[in-house]
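Visitor: Each chain, letter by letter, is given below.
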Amino acid sequence: MRRKKVSQYTEEFEAPKSQRRLSVSSVLVHIALILLALIVISPLIIPFFFTFKTPLEFAYNPWGLPEKLRWSNFEQAWKMVRIGEGLRNSLQVCIGAVLFTVPPAAMAGYIFAFYRSKVTNVLFYVVMAGFFVPVHMVLIPLYQFSTKIGITNTFPGVFLPIAAFGIPFWTIIYRSFYSGLPKDMVEAGRIDGAGHFTVFMRIIFPMAKPATVLAVLLSFMGGWSDFIIGLIMLSSQSKFTMQLRISQFIGNLGANYFPQYAAGVIISSLPTIILYLIFHKYIIQGTTLAGAIKG
Amino acid sequence: MAVAQTAKRKKKRDWYRLGFIALFLLPALAILGTFMFYPIKETFRLSFMRSSGFGEEIYVGWRNYQRIFASPEFRQGFVNVFKWAFWSVAIQIPLAFFIAFTCVNFRTRIIGRLRGVYYLSNVLPSAITAMLGVFIFSPTSGVIKTFAKTTGWKWLESIDWLGNPKLAFWSLFALATWAYMGFGIIYLMANIEQIPTEIREAALIDGATQWQYAWRVVIPYVSYAIRVQAILATVGSIKLFDLPYMVTLGGPRNATVTLGITLYREAFLNWQYGRGAAIGVVIFLICLVITIFQFSFVNDHSATDQSI
Numbered sequence: 001m002r003r004k005k006v007s008q009y010t011e012e013f014e015a016p017k018s019q020r021r022l023s024v025s026s027v028l029v030h031i032a033l034i035l036l037a038l039i040v041i042s043p044l045i046i047p048f049f050f051t052f053k054t055p056l057e058f059a060y061n062p063w064g065l066p067e068k069l070r071w072s073n074f075e076q077a078w079k080m081v082r083i084g085e086g087l088r089n090s091l092q093v094c095i096g097a098v099l100f101t102v103p104p105a106a107m108a109g110y111i112f113a114f115y116r117s118k119v120t121n122v123l124f125y126v127v128m129a130g131f132f133v134p135v136h137m138v139l140i141p142l143y144q145f146s147t148k149i150g151i152t153n154t155f156p157g158v159f160l161p162i163a164a165f166g167i168p169f170w171t172i173i174y175r176s177f178y179s180g181l182p183k184d185m186v187e188a189g190r191i192d193g194a195g196h197f198t199v200f201m202r203i204i205f206p207m208a209k210p211a212t213v214l215a216v217l218l219s220f221m222g223g224w225s226d227f228i229i230g231l232i233m234l235s236s237q238s239k240f241t242m243q244l245r246i247s248q249f250i251g252n253l254g255a256n257y258f259p260q261y262a263a264g265v266i267i268s269s270l271p272t273i274i275l276y277l278i279f280h281k282y283i284i285q286g287t288t289l290a291g292a293i294k295g
Numbered sequence: 001m002a003v004a005q006t007a008k009r010k011k012k013r014d015w016y017r018l019g020f021i022a023l024f025l026l027p028a029l030a031i032l033g034t035f036m037f038y039p040i041k042e043t044f045r046l047s048f049m050r051s052s053g054f055g056e057e058i059y060v061g062w063r064n065y066q067r068i069f070a071s072p073e074f075r076q077g078f079v080n081v082f083k084w085a086f087w088s089v090a091i092q093i094p095l096a097f098f099i100a101f102t103c104v105n106f107r108t109r110i111i112g113r114l115r116g117v118y119y120l121s122n123v124l125p126s127a128i129t130a131m132l133g134v135f136i137f138s139p140t141s142g143v144i145k146t147f148a149k150t151t152g153w154k155w156l157e158s159i160d161w162l163g164n165p166k167l168a169f170w171s172l173f174a175l176a177t178w179a180y181m182g183f184g185i186i187y188l189m190a191n192i193e194q195i196p197t198e199i200r201e202a203a204l205i206d207g208a209t210q211w212q213y214a215w216r217v218v219i220p221y222v223s224y225a226i227r228v229q230a231i232l233a234t235v236g237s238i239k240l241f242d243l244p245y246m247v248t249l250g251g252p253r254n255a256t257v258t259l260g261i262t263l264y265r266e267a268f269l270n271w272q273y274g275r276g277a278a279i280g281v282v283i284f285l286i287c288l289v290i291t292i293f294q295f296s297f298v299n300d301h302s303a304t305d306q307s308i
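Chains as they are written, first to last, in my numbering: chain A, 1 to 295; chain B, 1 to 308.
Excised from the complex, chain A in its bound form (with noise of 0.2 angstroms):
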């Protein structure tokens, strides 16, 4: 409270001087930000100026404004890439991933924090311990055990493990956001008479909304833009997820059709940007969360 009205005081005082003072400087900067800004959003604008075109019109005018819209690369580039068959399997794997992710840490985050004793305390660093493994460790048994027990091929067998390296991270979140949660409301539904089941569901549960929307849609990013699990189980084409196709689109793909390349670009972009627009204060946040966690 304190800290805010000498700084609002100052900020009134000092604001002009400063201003002044620092305008040279001030104008570098915002041209350098400025800059980086574009370099950053480049390659996305870029591909409208190609997709339009015909393949001579790109040949001989590739920066100009197209003759007219047309819309047969976007056409194309969806049917190769199958971006329809792409999405839906996508879909799934990450509901799958929300589902086998967030129920889990939820609950055993309420118990690490609720429940405390030797040897919860020995499973929850057992469990972050988890936090730190590289996917590369588990890649090789998890392909040869997963073929034994028949889910290669399957979105079980990709979102399974994604749930597995997305566990650690909600729990710690969970636990730390209960452990914020005042002791008596657990205390009071208890004498009030209600079970362990009840208080968690009924009390618990509903006040960690919060974490519980950032595990949500962060564990679905995280489904969303998995790679390297899709690309070790999933063999048929039918079953490939989004990030599968579009590798595959940049493979298959030469230059000689790059408008339609820059067709595929755009289509493929367009969920995650959709997302980011909607949802970026959740993932910022969440990124932050997990800087702290990790440091």
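Bear in mind the hints are in silico, worked out from the structure with no lab data behind them.
Glycine residues also receive a C-beta, built at the ideal position from the N, C-alpha and C atoms.
It is possible that some hints are incorrect.
What the hints assert, rightly or not - Rough simulated footprint, nothing fancy, chain B against chain A, three-plus residues with beta-carbon under 8 angstroms: (1) 74-88; (2) 160-172.
Said to hold, decoys possible - Okay, derived cross-link-like pairs now, DMTMM-like style, lysine to aspartate or glutamate, Cα gap no bigger than 25 angstroms in a straight line: (3) B:K11 to A:E67; (4) A:K118 to B:D14; (5) A:K148 to B:E56.
With chain A fixed as given, assemble chain B onto it according to the hints.
Guide: Positioned in the frame of chain A, the structure of chain B alone reads:
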């Protein structure tokens, strides 16, 4: 009698409580056990076996490790990931710090709008980043090639960004910088924003320039966050797989091969599970050493916190 009864009831309640704990831990532990801890143990075991996944497994001792360390491909991958880690720390972190610092300290409307942009590339899945990389660097009609053709700059047109072994590494590195820097920016921004405004006001009133303020106040203040960033960039480099795999497949002439790619090739193209597992163990151990190193300066962190 009554005492015994309450004791009995209490015992029953304890069992109920234990059962509840077990039930609630079960899903997480079952998934982790099956899909993480069991495979880790198996990878250790397999790394001492000769196995193709189909026939029988033969114990070969340290032979797999000897083999991989003798293989030029693996050595190249080893060199590449550490080179990658070095340059990530040397280039990405200063750049991320510059952006984070200026975004926090020059609060104008334009910059406020830009903040969200820097992070966008970080949420794109690696497949799309790879796709954009090919789009830009493609040798026949990538964006740079097209640009060179229109301007008529022959020197630019003749550069083969992905096919030249000396250049391919840097083309990929530029792409990765583009893709992964957003995280560093966001993380550093969050840390810089925690600096109390009084400190900034005090420094500026005392006549410090922005540069001095950044160098003398902000960097010491967020030094822990910067070190965490360095560790994360290093671990990320060791684990690098997606981008080089999709853009260059580790080529040309292994110029962009990484440890992850050698693992994939050994295990899933040559079907040498033992050697692949040995590479997995090497990656795991490197990450473990770095993580332990990281935890060893946690105490340092609390010390700086107290001094400020």
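Visitor: Are any of the numbered hints broken by this structure? If so, which, sorted upward?
Guide: Hint check: 1, 3 fail, others pass.
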